[in-house]
Structures are given as C-alpha cells and as structure tokens.
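Protein chains: 6
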Amino acid sequence: MNVARVQFGIKDLDKMICGGLLEGSANLLEGAPGTGKTTLAMQFIYNGIVKYDQPGLIITFEEFPQQYYHDALQFGWDLKKLEDEGKLKVIFSDPYTTLDEFDRMDGELVSIVEEMGTKRVIVDSMTHFESLTDDQHDLREIERRFINALKRENVTSILLRENNNLLGQVSQVSSKIPFIVDSYIILRYVEVDSAIEKALCFLKMRGSDHQKDIRCFKITSKGIEVESKFNGREGILSGFTHSTPQDAFVNVFGKK
Amino acid sequence: MNVARVQFGIKDLDKMICGGLLEGSANLLEGAPGTGKTTLAMQFIYNGIVKYDQPGLIITFEEFPQQYYHDALQFGWDLKKLEDEGKLKVIFSDPYTTLDEFDRMDGELVSIVEEMGTKRVIVDSMTHFESLTDDQHDLREIERRFINALKRENVTSILLRENNNLLGQVSQVSSKIPFIVDSYIILRYVEVDSAIEKALCFLKMRGSDHQKDIRCFKITSKGIEVESKFNGREGILSGFTHSTPQDAFVNVFGKK
Amino acid sequence: MNVARVQFGIKDLDKMICGGLLEGSANLLEGAPGTGKTTLAMQFIYNGIVKYDQPGLIITFEEFPQQYYHDALQFGWDLKKLEDEGKLKVIFSDPYTTLDEFDRMDGELVSIVEEMGTKRVIVDSMTHFESLTDDQHDLREIERRFINALKRENVTSILLRENNNLLGQVSQVSSKIPFIVDSYIILRYVEVDSAIEKALCFLKMRGSDHQKDIRCFKITSKGIEVESKFNGREGILSGFTHSTPQDAFVNVFGKK
Amino acid sequence: MNVARVQFGIKDLDKMICGGLLEGSANLLEGAPGTGKTTLAMQFIYNGIVKYDQPGLIITFEEFPQQYYHDALQFGWDLKKLEDEGKLKVIFSDPYTTLDEFDRMDGELVSIVEEMGTKRVIVDSMTHFESLTDDQHDLREIERRFINALKRENVTSILLRENNNLLGQVSQVSSKIPFIVDSYIILRYVEVDSAIEKALCFLKMRGSDHQKDIRCFKITSKGIEVESKFNGREGILSGFTHSTPQDAFVNVFGKK
Amino acid sequence: MNVARVQFGIKDLDKMICGGLLEGSANLLEGAPGTGKTTLAMQFIYNGIVKYDQPGLIITFEEFPQQYYHDALQFGWDLKKLEDEGKLKVIFSDPYTTLDEFDRMDGELVSIVEEMGTKRVIVDSMTHFESLTDDQHDLREIERRFINALKRENVTSILLRENNNLLGQVSQVSSKIPFIVDSYIILRYVEVDSAIEKALCFLKMRGSDHQKDIRCFKITSKGIEVESKFNGREGILSGFTHSTPQDAFVNVFGKK
Amino acid sequence: MNVARVQFGIKDLDKMICGGLLEGSANLLEGAPGTGKTTLAMQFIYNGIVKYDQPGLIITFEEFPQQYYHDALQFGWDLKKLEDEGKLKVIFSDPYTTLDEFDRMDGELVSIVEEMGTKRVIVDSMTHFESLTDDQHDLREIERRFINALKRENVTSILLRENNNLLGQVSQVSSKIPFIVDSYIILRYVEVDSAIEKALCFLKMRGSDHQKDIRCFKITSKGIEVESKFNGREGILSGFTHSTPQDAFVNVFGKK
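Residue numbers (the working numbering), protein chains in the order written: chain B, 1 to 256; chain A, 1 to 256; chain S, 1 to 256; chain C, 1 to 256; chain Y, 1 to 256; chain V, 1 to 256.
No lab work stands behind these hints, which were simulated from the structure alone. You may find that some hints are simply not true.
Intra- or inter-copy, both count: the list cannot distinguish identical chains.
[Said to hold, decoys possible] Cross-link-like lysine-lysine pairs, in silico, DSSO-like; alpha carbons within 27 Å at most:
id: 1; residue 1: Lys222; residue 2: Lys151
id: 2; residue 1: Lys222; residue 2: Lys212
id: 3; residue 1: Lys11; residue 2: Lys87
id: 4; residue 1: Lys11; residue 2: Lys218
id: 5; residue 1: Lys51; residue 2: Lys87
id: 6; residue 1: Lys15; residue 2: Lys151
id: 7; residue 1: Lys222; residue 2: Lys80
id: 8; residue 1: Lys229; residue 2: Lys218
Next up, chain B with everything else stripped away, as it sits in the complex:
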C-alpha cells in the first residue's frame, strides 16, 4: 500500500522521510525558541504553493500576519503576493474560535480550506490551546478533536509547539499531543566546540519507514538546509553531548 507524500521541498529532509510527510497527516513540530520552527513551517507552505501547486493556510494565534510576511521575505519568500494570488491565507485567530469553527464545520476557516482547495495547513501554535482549560484530560480531548477535524478536511498539517527545553535532556514529552499525531519532529540546540548548533530528528512517524538520524541543520538565507549526522558525538539528545572516546583518541593519536 502506497501513501502519497507531501514534500517539504528540502531535498535532504524529504529524503529522510521517504519522500515527504504522509498526505492528510497531522505532524507535530516542537522546538525551543529560535530553533527554526516557524521558518521550517513557512518553507513547507511556500514550497507547497510554488513548487507543488498546493494552496496553504497559516493559522496564527500570537504573531500578526505582517510579522509573517516580514520574516518570510528575509528568505525571499513573498507570502503577501501568494495571498494576493489566492493560493495562501494567513489568518490571525484565537484557539477558541478556531476550535469552534472546525467543530461546527461552517466557520470561516473550513470555508477557506474547502474553497481554496487548501492542501497544507500550519497552526502556530498548539501551545495556545493550553489557555482553554486547566484540566489535562479535557485538554487532550480538545487537541484530539482539533486534529481529527484537520484530518477530516484531508489537509496535511504542521502543528507547531513551543518546547521550553533549551539544552537539557530530551527526557519527557511536555504534552500528550505526540501520542495523538502521526509524526513528531524535534528541533533542538546542541552545544559543539563552544558554539550552538541545531539538530533535527523525526522521533515518530506512523506507518512509515524513515531515517532516524539526528541531523545537523542550518538556517541560511534560502531557508533550512539539512546537513549530515553529528559524527563522533554521543548524547546529543541528553544535554551532555560529548565526543565519543573513539573520536577523541583518533583526533589525538590518528587512526590505526
């Protein structure tokens, strides 16, 4: 059985996941502040429209659309123009309204999705759903309902979520969403040689074989570029990254 793939349009990234995200899937993208969540998500939307002709929708709960236009332009992505061409919609909303519209199925958001033929959706960010309730069981139910609604519309979504973990161990999930979604992508800071690098990892990907590498990536003037693994390094996700003893020996004594 073959499932259609929804490409990021980032060659090495798509290769890691056998061509792209699963069509119609909900994908959680978590990272600390500044790790590049929004950049990766915008690139997914922008490439979707420009390279694959798949209309996109960005739902944002805190940043104004202007901030998106502005930030995207840094990478040469003219979102405003795409919006004018009817291929993109950037909506500033709030979690309550968003949830309600998707539940009732007759709200503005659902209309946009259906009328524009939207294939890709960004939600920035799932963190804001936490203001709707203090009850953990209710929150999970809300998140599940919302994710099911996205799947009902058959869009491929990237759900951003803020992760408070800067450089500590990737020890616990910080919400129940990873259990609900189809894939779980982690962006992360890593300290290497007195500098901060960035790592990317697909921790979960339902119903799909994928590369489990922890890859280094850069944010260049053209967006995200995925590089190689962190060779000769252990504990990248533990918060105590260090050279492997092998690597240390080899660096000093040379290879045998």
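Guided by the hints, dock chains A, S, C, Y and V onto chain B, whose structure is given.
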C-alpha cells in the same frame, strides 16, 4: 508444571520469553510515542488469528477502528477482512463503559469475548483509565478490578500504556499497573551514533524464566523484527547510553 | 548474647546474615515490580514449614490465595497442601481489618497466629496501609503499631513493600518504615551488558553483624539463588552502573 | 532585503551579529546576578548616544536613577550629563504604570519616546512584570502587549531579565518571553580552572544569520569586552564544563 | 581559651575532634536507617557513665526502653544495670511533653537532669518534633527553644535525626537544625566494590578546629570503630563514588 | 572614579577584591551550616574596630549576644570589651522591629548607627526575614527596602544568609537578594581526597574589577585564612569535583 504459551509469532521475541506469553495473563506494554506499541499489539492480534487461529478483540479509547485498519494495512495485515470473517472485533469505547460492562459481566464486550471465543485482547490504552478518578488508591483498585475481569475471561491481554519518558532514565514506574500485571514490557528510544534506535525489554515476567536482554528492534514493512543486544554499550536504560570503555579502546587500538 | 536465627533455607543468603533473620524481628523487603519480592517471601514461608517445621501465615491485600498457590507451584512449592496440613494459612484481608484485629488482640489473625503456633508471617504488602490515611505522621504511627503487634506475637515477619524505583538511583527512602524495622532488604534491577540482572542487598540489620555485599541473584525453577558480588562494577545502586576503569583496562590490555 | 542594524559599539559583539541588533527589534537579555546585564545594557545606551547619535530611554523598576549614574560612572559613562543634554532619560517607574502608559499611547513614556526621538530603550527588568498576575497565560499576554507597544514605537529595545540559574544546566526557559522576542541573549557564569569566567551567547536571532559561538567576555574599566570561544571545553552550558578529552591528551602528551 | 571536652571514648573518633565534643554543646547526628546513629549515641552514653563517670539521660519518642536495653546488650552494654545504679535514665516520652517540661523548667525531665547530675543527653529523635507543627518557621522556633533549654541545663547532647537520603548526593540540609546546633555529624552509606560501607564526617563544629576527613567506620561486636579515610576515592558524598583516575591507573599499570 | 574600600583585614581576601568591599555597599554572604559565615562576619567587624577604627553593629535574630562573645573569644576577639568601650553594639532583635525602626528612621538601631558613628554592620541573618511574608514579591520589596535603608545610613554591611545546599551543585539562587545587593560572596564545602575542604568565591561585585578565583580557605585559631585556588580540579561548584584529566595523567606518568 507447564503453562501454555501464547505466541507473538515473532520468532526472536517468542524465544526471549520461552515460547510466548503465559496463557490467561495480563501483560503491560509501555512506550513513548512512536516506539511501536500499537504495531506490536496489532501483530500479536493478527498473528494470533492467522497463524494460531485464536480470535482477537481490540478495545480502543481514542483511535477510530478505521485508523487501525489503515495502519495495519501498511504491514499487509487486513484487519477489516478478519473482522468480516468473525475472527476479530475492533471496538471503539470509553473506559467507564468498558469497566462497567466487564464488572456486570453481561455487557457487549463480555458477550463478544464469550461468543467469539476470544483468546487475545488488546486495550489501547490503560492511560485513559486515569480520567476516571483523581485518587491514586481508587485508580489502582479500578485497574486491578479490570485486570481481574480480563483474567476471569481467561484471555491473554496486552494492555498498552503511554510512557511520557522519551529518552530520560528509566527511573520510576509511572503507574501502579506494573505491580498488578503478570509481565511488563518496555519499548524505548536509544540514541546511538547520532541516530535513534529502538530497544525492547521484558522487565518483569511472573512465574517464568525469560531472557532479560535489552534487544534492539526494527519496524519493517512486515512489522516488528527483534535483533541482537546492544553490544559494547552501557546505560541503555539510563538515558546516557555510551560505548563501554572496552569497546572504545578496541575500536581504536584493535583487539589484543 | 546470642539471638536465635530464622533461616531462609537459601544457603548463600543465610550465610550473608550470619545464619538467618533475627527471631521475632520485623524485616522490610522492598523492590520494583518483578524483582522477586513475593518469590523470596514465599520461599521463606515454604522452607520454614518444610525444612524447619515453623508454621507460617501469609496476609495478602491484593492477590487472591489462588494466585499464591499457582505462582508457588511454578517452583514446586505446594502451598495448598501445606494449608490443608494446618501448617500454613493464606489470608486475603485488607489493611483496616488487619490492623484492627492485631490491635484488639482477639481477631481471627491473632487466633491463627496463636493456635497454629505461627513462627513466620508475610505481609503483602505494606504499601496498602497508605490508603488508610493521607497524614504522614499518622501513617508512621499506624505502621509502628502494626509492627509492634507482630513483635508482641513473637513472629519473624517479612513485610513486602513496593518500590517505584525501576533503575534510578537508590537515593531516598520512600517511606518511614525502614527507620522502624529491624532489617531492610533491597531487591533491585541492574543493567549489565545490555541485559537486566537482579541485585540483593541488606542495607540495615539491627543488632547484628552481616555481609554488606551487593549480590547478584537469579530466579530459577527452584526459587531464588544468590550468586557472587558484581565484580569490576561501580555505581550499582546509583542507576549508572559501569565497569570500573581498572576492569576496563584489564579487559583490553590484560593484567600486568 | 536588508534591515538596518543598531550597533552595540562593541566591535567583537557587533561582528557576532552581522553588525548589530535589528532596527525596531525587541531583544531579551538574561543572566544570573552579577553577570553584567545592566553593564551591557548601559553600554548599548551610552554608545548609542555618543557614537551613533541615537537618543535613549532607561525604564527602571527597582534601582533609582542615582544608582545608574553612579554605576555608569565607574566605566567613565556620564549618564547625568547626557540626560542634561536631552539625549537620555532615566525613568523610575513600576510595571503597572509603564504597561498602562504604553497601552493608552498618551502617557509620559510614549511622549518621551516620541519627543526625544528615542531610538533605544532599556527595560530593567521584565522580571517585575511577574508581580502583575499569577496566571501564566495572562502574564504572557501582558508581556506580548508590552513588547508590541515597543515595536509600534519603532525603538530597538533590550529587555533585561533576571535568571535564577547560577551555574546549573541551561535546561529550561524560565519564562515565555524568549518565544515572543526577536533575539535572546544569555550571559552566564562558567567555572574554568577553579575560577569563574563569563560567557555570552546569542541563542536566538530572528530573521538573521549570526554567529552561534559561546564567547568568553570580561568586564573591564571600559565596559564589556568580548573575547574568544572557550577552546578545548565541552558542556559550557550544561553546568559541568570540562576539558575535551582531546585537549586533556594534548596538554599532557603534546600534539602529534 | 580552652573548652572542656566530652569524650565519646572511641579513640579515633575523639582524635578527629581534638578530644571530644564541646562541653555543654548540642550536637546533631544524622543518618539513613541502619547507619548506626543509635549505636553511636548509646556508646556515647555508656562510655560516659562507665569511663568518665558522667550520668546520662536517653529521651526516646518511638522505641521502648526495653528495645534500648536489648540492642545495647548486643554490644555488651548493660544499660538496665546502669539505670538501677542511678547513673542512667531511659525515658519514653513524646515531643510535646518533652518540650513543655523543658520550657516550664519544673517537669520530670529537668528534675532528672538536675537530681542525677546528668552530663550527657540523647534525644531519639528530633524528627518527631516535626509532628508538632506544619509551619516551618514555627518548627525552627520550637527546635531552637528546645536546644536552648538543653544548653541552659549545661548538658552535652546528641540529637539524633533521621535522614531519608540512602545513597543519593548529600546536596541539601533536610531541616534547619544544622544551622542551630554546635556540631553536625553525618553517617552515610557508601558503595565500594559492590558492597555497602559506612562513612562518618563532622561537617560542622562550632568554635573548634577539627579533622574534616570522611572516615570509614564499622559496627563491631564492641560498638563503633572508626577506620581510615576512603583513599583513592572521589565523590563519596555525591552518591557517585568512584576510584580516582590516578588510583585506577596505578592499580593497573603500577606506580611509576 | 575611585571608591573608598572597606577592608576585611584578611590580606589575601582584601587582595581578591582590590583592597576591600566598596564603602557604603550591601554585601550578601551565603553558606551552608558550618562554612564560617559568622566567623568571617565577626572578623570583619573586629578588624574594623581594632585595625581601622570603624565602629560596628551586629544585629542578630537568633543567637544571643553571649554566644557571639563566646564564639569570638575562641579566636581571641574580645567583643564584650569592644562593646564596653563604645565601639561595638551587639543587638538581639527580630526582623519586624528591625525593619520598622529602619523605615521610621527614629528607632534604637538608627540611633546607634548615627550616635556611635557606625561604619560596619552585620545582619545575622537575612533568612529570618522570610518569616514576615509568604508572598515572594512582598519579600523582595521588604528586602530591598531594608537594604536601601542600610545604604541611606552609609554603612558597609555584610548580610548573612543561610544556604541549604551542603554539597550539591551551585545551580540556582535561593532568594532574590543576590539581584539587589552590591556583592555576593559564597562559602562552600568541597570534597577533596575523602575530606571536606572549604571554598570561597566572590560571584558578583558591582562596579568593581575583582578576582574571580575559587579559593580554598581555612578557619584557624586566628580566624579565616584564605589560601590558593583548587589547582588541578574541575567542577568545584558543580557538586562533582574531580581531578582534571591532565592532573590525573601527570600524577601517574609525570610531566612531559
């Protein structure tokens, strides 16, 4: 005294536990999101029906049956067909109803078990019982009652449970269920050489000698395949996996 | 001054504690799920009756007597037969009743102890006393009263207690019972060479010289067998067990 | 697209961030007590006026202006004189009033900003906003509103924030501000050779390529001076800084 | 200025503290269950009477006097006989009464101290004062009042306190008593070569030079015997004791 | 700009801070029980009077003046005599009264300061202010008000504060005072070679260049003596002090 074994139909896994799970036992299967809990459970049910002619029941509290059919098809397991043949039932329910029906012994679930001659049961997942009460002593009593009901019906059950621990130390049990069940299986992420691998371990197995190895496993297009131990590695369950010093020396200097 | 010893009937274990537990003492046995608490306790009771002609009593708060008979039979111990011969009693009760009967001194349990000439008692488990009160000072007083009652009856008791710590550091006592009892026995998982082994340690033993070794043990078809220390290993109770540097060097370069 | 840069006037620091902070951006500066937050912020304001002719505003919630004049004079920066010349304003206020004035857009602070042509603003410190509410969602909303108001006035701001972490791991963000601001600068103590050094790192910088080095810095009689990376050191942000094995070998055996 | 010393009568221990405890001082003795707190305290009292002719008082809040007589006899110390001779009093009381009697200065305890000419007092244990109040400031005031009362009577006291820390790091004080008392003695488990040893350390000793060694000690049939330091070991109080690298090299390669 | 220095009269200590504390500054001195806070503070006061003719005031909230006289005499410092000569005042008070008197500016304490020409003040300890309120924002405001009052009187103060951290990592500040004061001095236990040593470190010193060394110090019969750095040691403030690898190699193999 010999107890009958209920096989997974996964050769290396069954070998680890002397042939299979104990007939009539309740078995807890825990793991972080994406570690393969549902895949292993579906494989247990599918092989049960196809290889050992033992009817199965899947009780799910969050995923719709369609999701199960869909995910299983990735591995070539046609659950819908088995359901049509009367050898499998996938029930979407909630913890309250499920508990109540098993308590009263005259509910739909008990009927299914008894009429279909169900031998294998999956509960996905025990985590949802936590929404029934905030009192830890009550929760334990509820879990115990439910597990006793399953044993009363003489089915061999795999009880899934979400574990929030992604890559941290396996330090504390996160519920009291491990004290109640007959066996306790842990699936876990392990970082090796800048990639994420998966480990499997039978931490507890009542009344049975079993292999205590921590084994690497893969999810292939045919389901779970169990591989070798993590040779030359320490601290796999500690969250700080590293090469043993021996292994590091040998890699660099060669064996003496 | 010599105190009589109450033997486990497990040679290497009895040797560790100079012949056995102290007559009339209360002994706390803690361990994570599956570490073998119940097996060790049953072996103590079974050997007590069969080898030393000392009648035994098992008080259980969660498992039914049938589970005990069944589990013990795996090791060839026929508890049902011993009960029929009047040398053993397996009582399913609850903490409130048990405490009350021992307090009033005229309950069923005290009668059994006195009429059967009971010398050995198992309580499975002290953990359930925690449901009686949320006040830590009250709980301690309850536990003390119960332990004093056991001592008043001059039985040698093994008090099981669940320990939630799977593989983390043995850092804190998880109750105040270790301060009250005469000895404190810890069973524990240890990761060695990508496998899970079991360790046993007498952390406390009042008024008695004893071996402080951390010993490896196995659960065989005949019950618990105590083996050697974990040679060449550090940090067994720290959750980060590792080869000593000495051991690592010697393994690679050989002994000088 | 090129964004104008607002320089610190500290050569090596400006070089790290491609010339300076982004014009109109909000920048979070966090550090433990004594790491030099206020010194760096004053230097930004002082150089702004003296070197780049950009009027500045300092809003302080705890220190009196006199303390600022006094501390700045240690570095030869005569803030009082700049204030007399109408190029600087040091305002002692409180979070409630400050927030309210910026919201209403007709308060004293907005007047100062607009009349003086203020280009640079220091807020010392954001920590005091926490006294306005105990609700985390409300606090985030307050912080966001305040930061948006600063952006509306098109000033480049440095928002100080106290970080309670002295020498522990940089594991978690201690507020949600890092997710809202455009850049996130961390000052930090590092123990090296039985002495305390200081490190500086730009963890986040929106829409901009920047150096991710963790640099050593000193507070001299002329203010902050940024030095090199911590060569041969791992774990600077982990709280367990140590020599790399390579470095240790080389120090003892020499280079190959 | 020379202060009189109150000897333990344990040669190596008295030598560590320049002859003994300070006359009239309050001394906190903390340890995990089974580390030997009571044994050391009884030895202090017994030697005080037998070797130095200083009458003693033991105030106990949980153990009955009979347990004391019994436990002491294991070491050949006949406390009952000393009590009959009027040189010792073992009082079973509770924290409320004890505190009240010392406050009013006319209770039984003060009478005993004054009539018997008591020079040494054991309180077993300070932990039980915690049941008097849930307010930490009140508790500190209570503890201070009680300790001042002991000083008013000019006795040298050893105040036992349970420490819940089994083998974890000695990181935090677990009460405010260490700030109030004159000296603070820690007994502790240490894992060495797959066995549990015991360590003793005087962390604080007011107004007195003393040895700061962490010494190994044994409980023999004659009581506590203090041995040497833990040579070639680091991190004894950190919970991760290990051989020093030096020691490891020397063990394998020999000394240069 | 040169600020007058207030000397400790401890040569190596004064040298670390370029001659002494800043005149009129508030200085926080923290340490675990027994690390020597009070000794260092008394030495500051005693030397102030005897060597520099600067009258002193000691405000104590828990210890009686007699305890001070007694403890100081151990070092040959006759505080009683200095008090009789009108150069010192030791006041036993409580936080509420102390705060109130300094606020109203007409209380006994302010009179003493002004009439005696007090230049140096000790507050033992700031910890007791925590009993005034449970609200963290109020507490900070109280502490700030009190510290400002001390500065208003232009005295150089040493504010003692109890630190509960015995040997754990110096990870978090335990109050907000370090953010308010002019300097922050930490006294600390360090385990070296199976013994407890003491370390001293000036973590913060406002408006002043100072040595950031972590220095070993001893309490001798003449008071505090500051010694060298901890050479060849890493992680002194991390709670896991260890030899550097370099040091370990050199100790075994000798220098190259």
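Here is how each hint holds up against the structure:
no. : hint            : result
1   : Lys222 x Lys151 : between (30 Å within a copy, 26 Å between copies)
2   : Lys222 x Lys212 : both (25 Å within a copy, 18 Å between copies)
3   : Lys11 x Lys87   : within (23 Å within a copy, 45 Å between copies)
4   : Lys11 x Lys218  : both (14 Å within a copy, 25 Å between copies)
5   : Lys51 x Lys87   : within (12 Å within a copy, 47 Å between copies)
6   : Lys15 x Lys151  : within (24 Å within a copy, 40 Å between copies)
7   : Lys222 x Lys80  : within (18 Å within a copy, 46 Å between copies)
8   : Lys229 x Lys218 : both (13 Å within a copy, 20 Å between copies)
When each numbered hint is compared with the structure, no violation occurs for any of them.
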